[in-house]
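Colleague: For reference, the chains in residue letters:
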Amino acid sequence: MSAIGELRTLSRSGRGSLTADQKAALKKERSRDSKAAAVFLAPWLLGLVGITIGPMLASLYLAFTDYNLLQDPNFVGLENIQRMVGDERLGKSLAATLTYVVVSVPIQLAVALGLALLLDRGIRGLALYRSMLYLPSLLGASVAIAVLWRLVFGGEGLVNAFLGLFGIQGPAWVAEPDTALGTLIVLHVWTFGAPMVIFLAGLRQIPRQYYDAASTDGANKWQQLRKITLPLLSPIIFFNLVLGLIGSFQSFTQAFIVSNGSGGPADSTLFFSLYLYQEGFAGFRMGYASALAWLLLIIIGAFTALNFWASKYWVFYDD
Amino acid sequence: MTTETLATTDPTTEPGKAPLVIKHRRRRPRVLAHVGLILVAVVMLYPLLWMVTSSLRPNDEIFTSPGLLIDTFDLSHYPDGWNALSKPFGSYLLNSALVVLGSVVGNLVSCSMAAYAFARLQFRAKTVAFAAMLLTIMLPVHVLIIPQYVMFAQIGWINTYLPLIVPKLLATDAFFVFLMVQFVRGIPRELDEAARIDGAGHARIFLQVILPLMVPALATTTIFTFIWTWNDFFSQLIFVTDPDLYTVPVALRQFIDAQSQSDFGALFAMSVVSLIPVFLVFLFGQRFLLRGIATTGGK
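Those protein sequence lines, which keep their order, are chains A and B.
Per UniProt numbering, the first sequence starts with residue 1, numbered consecutively.
Per UniProt numbering, the second sequence starts with residue 1, numbered consecutively.
Honestly, the hints are just simulated from the structure, not real lab data.
Predicted model only: the values in this text are computed from it and were never measured.
Among the hints, a few may not be true.
[Said to hold, decoys possible] Reference listing, derived: stretches of chain B covered by chain A, where coverage requires no fewer than 3 residues with Cβ under 8 Å from a Cβ of chain A:
#1 34–40
#2 61–75
#3 80–92
#4 178–189
[What the hints assert, rightly or not] Label-pair ranges, simulated between beta-carbon atoms:
#5 B:L94 to A:K35: 25 to 33 Å
#6 A:A95 to B:A132: 31 to 39 Å
#7 B:D80 to A:G167: 53 to 61 Å
#8 B:L162 to A:A38: 21 to 29 Å
#9 B:I70 to A:Q71: 16 to 24 Å
We put the CB at the ideal spot given by N, CA and C, even for glycine.
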């Protein structure tokens, strides 16, 4: 370690006193660092202020106005919030979004975890399986896959052609209010590869000795899973859960393409971000859309906070 | 990184007697595991394969045959789809490539600079700045997009690619800053302190010591930025409304409206074309990609 490094450690530890010369050297080093930090962080800081915090504050202000892009915004107080209370489509949008998130995220994680466990046993061809299962996660967010889904689950699509082989006449899945959301849930589950890869990395960090010790003590596979794997993997499960929830609350493309931008049939796929788009960018009700954006932020924040609170009871940190 | 160091704990590489016994006992469950995995993989990839084959058969055969065997090869969907919109599809590919290139360069430059500062420099309010950076990862784009739209409209940037690229130049993809900070922290400090002693300043340490060692993190950033920008629909839909400037996702959406009733084959064909770049990046970059995604999940 260099002289400066030693000085830093010394001053940080609080033990031992530095000579005046050493203090001066450290001070010089700090001012050098600060100047460099100003340069290195300049783009990020500009972005934080100009592209993130500024717009955030503006969005908060707009949420209390009737802004429509063409005229200057008027402050309307709580009108947008009152409007939310009586907004039937907002209710449907919340229902669709919550159903989607609450159903598809746990299923996706369960499938991801199950396959990660299967792949973790030093199986032959691991790399090939992993790649094949991971591929859909990369393509899943694209318009092309949403188009594919619309056709696969259409009245004469692939799914019904399959069912037809068994003499079953399936519904037009994407055109029925009862099943349209389900097709989007299937699409989301289909992209389980990304959390699966994270699970795989987590599984590798569990020392093999734990399992050897457990089987010596006569623990069977199920007990080993419950007493070793799941507790040690719980921080990763938590990580995937938080990321999955935050991401799926913001889903847009799939619902937009499958419903042709309408959120239909009967608003059954009217995801929150789709409704926000309709209000703001199609209806030019930017004030109301800003209020919706803040509602989304509050909902995501609440879910994330709830998650962190609940994690005390099931997430196990060994360090 | 972590995955590599830990790979040595794989039971097959461990010396000793235990693995032989276990291997014998486990044979049957392993066959079952393979059967299960192959089944899952087939189901997962089937829709993709069906899309490719559908783009190669005549329209009237697409929905009558769920199978993957093609009776009559019909390559005409590709030229038809390519020329179906007001401009050939190639020009939308080029537009997307431009946006992707700008985004990749932007993220590489700005995020690595910020990461160096967070990982290596001491400055006031560092903790606050770092926390702010982490918080922006979780911020939904919806809270920002309306004021951003207004702002970009006022400075005349709507229907240019600037609203898509400039934020990347300003390190607003904080996820990559975080990824790189984690990576730089893993590089031994002795290396840059040695360069210090040789008289190098922070600019030289960053450019000549840290950046060359960051290649895996930079590769991960490049690949993810490529794929996410290529797939991004929401912001491209909002900021680009001039049909001549459409990027691939927006053009493809336009295509559905134009074609949906009759020419499914052409729709499939252009969907396939739009996925090829992502597929290629996946093919060549998956080593970095899987490692990158794995390290983000580490504790």
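Colleague: Indicate, hint by hint, whether the structure satisfies it.
Modeller: Each hint tested on the structure:
1. 34–40: Held - the stretch 34–40 of chain B has 4 residues with a Cβ nearer than 8 Å to chain A, which meets the minimum of three.
2. 61–75: With 4 residues closer than 8 Å to chain A, the stretch 61–75 of chain B meets the three-residue bar; holds.
3. 80–92: Not satisfied, violated; 0 residues make the cut.
4. 178–189: violated (count 1)
5. B:L94 to A:K35: 25 to 33 Å: violated (42 Å)
6. A:A95 to B:A132: 31 to 39 Å: Cβ of A:A95 to Cβ of B:A132: about 34 Å, so the range 31 to 39 Å holds.
7. B:D80 to A:G167: 53 to 61 Å: Given a distance of about 35 Å, which is not inside 53 to 61 Å, the answer is violated.
8. B:L162 to A:A38: 21 to 29 Å: holds (25 Å)
9. B:I70 to A:Q71: 16 to 24 Å: Because 57 Å falls outside the window, the suggested range is violated.
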